[in-house]
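**Q** Produce the entire structure from the sequences given, and follow the hints as far as they go.
Following this note's numbering, the numbering of the sequence shown begins with 492 at its first residue and continues without gaps.
In case anyone wonders, no lab produced these hints; they're calculated from the structure. Glycine included, C-beta positions come from ideal geometry on N, C-alpha and C. Accuracy of the hints is not assured; some may be wrong.
Okay, the calculated beta carbon distance ranges per label pair [claimed, not checked]:
1. 522 x 588: 50 to 58 angstroms
2. 520 x 568: 38 to 46 angstroms
3. 518 x 591: 49 to 57 angstroms
4. 511 x 545: 38 to 46 angstroms
5. 559 x 520: 37 to 45 angstroms
6. 552 x 601: 20 to 28 angstroms
7. 511 x 587: 44 to 52 angstroms
8. 549 x 519: 47 to 55 angstroms
9. 502 x 548: 20 to 28 angstroms
10. 523 x 593: 31 to 39 angstroms
List time: in silico DSSO-like cross-link candidates among lysine-lysine, alpha-carbon distance up to 30 angstroms [what the hints assert, rightly or not]:
11. 595 x 574
12. 538 x 574
13. 538 x 597
14. 597 x 574
15. 538 x 595
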Amino acid sequence: MATFTYTPDYGASYEVQPTVRVSSFGDGYEQRQANGINTQRRTWDLKFSVRSNAEADAIEAFFVAQAAVQSFDWTDINGDAGKFVCMSWQRSRDRYNLNTISCKFKQVYEP
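**A** Given below as structure tokens:
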């Protein structure tokens with residue numbers, strides 16, 4: 492399994508969207524139940540700014556090699572390790588030999 496080792500910029504943020512089943516009844520009454528055992532999946536918004544062409548090429552090559560199909564190991568900025576997929580990324584060439592890559596990492600649960 493591949494490991495993503497590049498450090499994102501400060502200001503990285505994540506969203507947690509718990510997975511729940513909701514049963515709605517009359518008069519607004521609802522029952523909620525956790526759906527599965529891993530219900531607190533995180534999606535990270537990351538940015539890698541002021542990166543040389545070589546480093547930006549390496550980051551992008553990593554994403555291309557995984558192709559949003561194979562997961563990779565990554566330790567987030569809170570120090571929590573997990574498995575993730577990069578579902579999308581954007582690259583901009585800001586100046587000569589200076590690049591920015593913005594991406595989303597989605598946490599996955601698999602062996």
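**Q** All the hints need checking, so say for each whether the structure fits it.
**A** Against the structure, the hints:
1. 522 x 588: 50 to 58 angstroms: holds, 57 angstroms
2. 520 x 568: 38 to 46 angstroms: Holds, since residue 520 and residue 568 (Cβ atoms, about 40 angstroms apart) stay within the stated range.
3. 518 x 591: 49 to 57 angstroms: holds, 51 angstroms
4. 511 x 545: 38 to 46 angstroms: Because 44 angstroms falls inside the window, the suggested range holds.
5. 559 x 520: 37 to 45 angstroms: Since residue 559 and residue 520 have Cβ atoms about 40 angstroms apart, the given range 37 to 45 angstroms holds.
6. 552 x 601: 20 to 28 angstroms: At 23 angstroms between Cβs, range holds.
7. 511 x 587: 44 to 52 angstroms: holds, 49 angstroms
8. 549 x 519: 47 to 55 angstroms: Roughly 53 angstroms apart at Cβ, these two residues keep to the hinted range, so it holds.
9. 502 x 548: 20 to 28 angstroms: Hint holds: Cβ distance 23 angstroms, inside 20 to 28 angstroms.
10. 523 x 593: 31 to 39 angstroms: Holds - the Cβ-Cβ distance for residue 523 and residue 593, about 34 angstroms, lies within 31 to 39 angstroms.
11. 595 x 574: holds, 13 angstroms
12. 538 x 574: holds, 19 angstroms
13. 538 x 597: Holds - the C-alpha atoms of residue 597 and residue 538 are around 14 angstroms apart, at most 30 angstroms.
14. 597 x 574: Between residue 597 and residue 574 the Cα gap is close to 8 angstroms, so the pair holds against 30 angstroms.
15. 538 x 595: Satisfied, since the Cα-Cα distance of roughly 9 angstroms is no more than 30 angstroms.
Going down the numbered hints, you'll see the structure goes against none, and every one checks out.
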